[in-house]
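J.: Spelled out from the first residue to the last, the chains are:
2 protein chains.
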Amino acid sequence: MYILVTNDDGVSAPGVQALARKMMEVGNVVLVAPLEEKSAVGHGITIRDPIRVSELKVEGLSQVWGVNGTPADCVKLGLQELLQHECGLVVSGINNGPNMGTDVLYSGTVSAAIEGVIIGVPSIAVSLASWDYEDYSVAAEITLTLVKEIIRQERVLPPGTLLNVNIPPVPREEIKGIKITGLGAREYENRFEKRLDPRGNPYYWSIGKLLPTQEKNADLDAPAVENNFVSVTPLQFDLTNYQIIKEIKEWGLEGLKL
Amino acid sequence: MYILVTNDDGVSAPGVQALARKMMEVGNVVLVAPLEEKSAVGHGITIRDPIRVSELKVEGLSQVWGVNGTPADCVKLGLQELLQHECGLVVSGINNGPNMGTDVLYSGTVSAAIEGVIIGVPSIAVSLASWDYEDYSVAAEITLTLVKEIIRQERVLPPGTLLNVNIPPVPREEIKGIKITGLGAREYENRFEKRLDPRGNPYYWSIGKLLPTQEKNADLDAPAVENNFVSVTPLQFDLTNYQIIKEIKEWGLEGLKL
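Chain order of the listed sequences is A and B. The end of the first sequence is residue 427 by the numbering used here, with every number in the run present. The end of the second sequence is residue 427 by the numbering used here, with every number in the run present.
Simulated from the structure, these hints should not be mistaken for laboratory data. All values reported here derive from a predicted model rather than from experimental measurement. Positions of the beta carbon are idealized from the N, C-alpha and C atoms, including for glycine. There's no promise every hint is true.
Cβ pair distances, simulated, as ranges [to be verified]:
id, chain 1, residue 1, chain 2, residue 2, range
1, B, Glu224, A, Pro340, 49 to 55 Å
2, B, Glu395, A, Glu228, 49 to 55 Å
3, B, Asp301, A, Arg364, 41 to 47 Å
To give an idea of the chain A side of the interface with chain B (calculated C-beta under 7 Å), a few residues [stated by the list, open to error]:
id, residue
4, Val325
5, Asn410
6, Leu422
No more than 20 Å apart at the CA atoms, straight line, and that leaves these computed lysine to aspartate or glutamate pairs for EDC-like [as the list claims (entries may be wrong)]:
id, chain 1, residue 1, chain 2, residue 2
7, A, Lys345, A, Glu395
8, A, Lys426, B, Glu323
9, B, Lys385, A, Asp407
10, B, Lys345, B, Glu318
11, B, Lys378, A, Glu356
12, B, Lys363, A, Asp218
13, A, Lys385, A, Glu356
Just chain A, same shape as in the assembly (with noise of 0.2 Å):
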């Protein structure tokens, strides 16, 4: 099997080189990411600039390459020209930092395992549930052990569906498991820091500051993280808001005279 391994944070994070080297015990990895960190770029796309490709060469890794583009684009070139044969497996991450709740809108590594399912390859996204924790070693393995486990099961998600983990930052004797979760609230305390340029021009900082977590619904991904479980929770692409949809027709649009 081919794996694609991409992330966010950039080809030389040790997030993405943790994961990829770990993923070469079950495929052969093509690790396909952007050369600059490329946070919070969302599902975004080049489209009005070249996307320039460089081979890398990375020890222990047998092809790597680094893309001037965002995740998303570093899914849709490698499945759709870089990897010469069929992909099996996206797997996007360890991405440094939790993808929860309305975070995963943001987020270039969930964006790119949506990628992935867009074109049809199965999806997985990574994330270590910490800005500063730096042993991506435990998540790795535990990735591995979810891989095998679907590999081994020989499951299927539905079209359009993947797979969002976050790993909590503890060392492996303190993960308690693995929980199936839905996105949870993520409450930021969104400002802006304005600065003066030494002009004395304006400028603005987004400091989004994330709020504790009040959810206690344990079956959400964040409450599950800080109960030292492996959030797992399967995520779709369709934002159509089918509940709402017989309830919008009763407000009687489809009469209005235009």
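We have chain A; now place chain B onto it with these hints.
T.: Just chain B now, with coordinates in the frame of chain A:
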């Protein structure tokens, strides 16, 4: 009521200018939009660079800001920093080109409206379903009619839900009415064109080519627009695939030894 108007084609695009002027009939319009075109940036936000904001003079509009960031940045900055009043509505558009099916994931215009509902403001994304139809007047009129009707009925969407509106590029008398729809499939022939630069180094252009809509289900967005209906799709930002959670729990991953 204060209305924040934004888009992804840039602050000078004819679609957003037509929209902003028309929205003045129902509220105080503040236009906050990217200085440059930001199509296909998805839900990206700017967190590693400072954001510059320029107040612009545009005839007929009282408050216009140009931002060197993404549409989602514009909504965050607009609602949390620039607009000094409570905002009653975010309207994003009128986009040059359709935003239907999986398009919405890549769309800066739709992502701006998603950002609006994340912050808690009712939001609508509006697109004119053609890349070369230059008359935004009908689309702006229809948007106004829709907004007025929602205000008249005092309708409130559930939290986290926005309306994604796609308007057929035809004269008003050919528009058959509004249809409440779901997102349909959107198939692209995704290919990259490889070229060599003058120094012989390769680069790629993304050339996603939209394939003709195969979908015939008239309750979906693209068939509705092709039949000259205005498509109104309720979208949510919670990507959890709740339907599949029970099935995945039966895989037994929660009992897996890590």
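J.: Determine for every hint whether it applies to the structure shown.
T.: For each hint, the structure was consulted:
1. Remark: the range hint 49 to 55 Å for B:Glu224 to A:Pro340 is upheld by a beta-carbon distance near 53 Å.
2. The hinted window of 49 to 55 Å between B:Glu395 and A:Glu228 holds, with their beta carbons roughly 53 Å apart.
3. Under the hint 41 to 47 Å, the C-beta atoms of B:Asp301 and A:Arg364, about 42 Å apart, fit the expected range.
4. Violation of the interface hint for A:Val325 is found here, the shortest Cβ-Cβ separation to chain B being roughly 11 Å, above the 7 Å cut-off.
5. Annotation: interface hint on A:Asn410 holds; nearest CB of chain B at approximately 4 Å, less than 7 Å.
6. A cut of 7 Å between beta carbons decides the hint on A:Leu422: the least distance to chain B is about 5 Å, and the hint holds.
7. For a cut-off of 20 Å, the pair hint linking A:Lys345 to A:Glu395 stands: about 11 Å separates their Cα positions.
8. Using a Cα cut-off of 20 Å, the hinted pair A:Lys426 and B:Glu323 holds, with the two alpha carbons roughly 18 Å apart.
9. Of the supplied pair hints, the one linking B:Lys385 and A:Asp407 holds, its CA atoms being roughly 18 Å apart against a limit of 20 Å.
10. Restraint check for B:Lys345 and B:Glu318: satisfied, since their Cα atoms lie roughly 17 Å apart, inside the 20 Å limit.
11. A hinted pair counts as satisfied when its Cα atoms are at most 20 Å apart, and B:Lys378 with A:Glu356 does not qualify at roughly 38 Å.
12. For the suggested pair B:Lys363 and A:Asp218, the alpha carbons sit about 13 Å apart, so the restraint of at most 20 Å is met.
13. With a C-alpha separation of about 14 Å, the suggested pairing of A:Lys385 with A:Glu356 holds against the 20 Å cut-off.
Of the hints listed earlier, those the structure fails to meet are numbers 4 and 11, in rising order.
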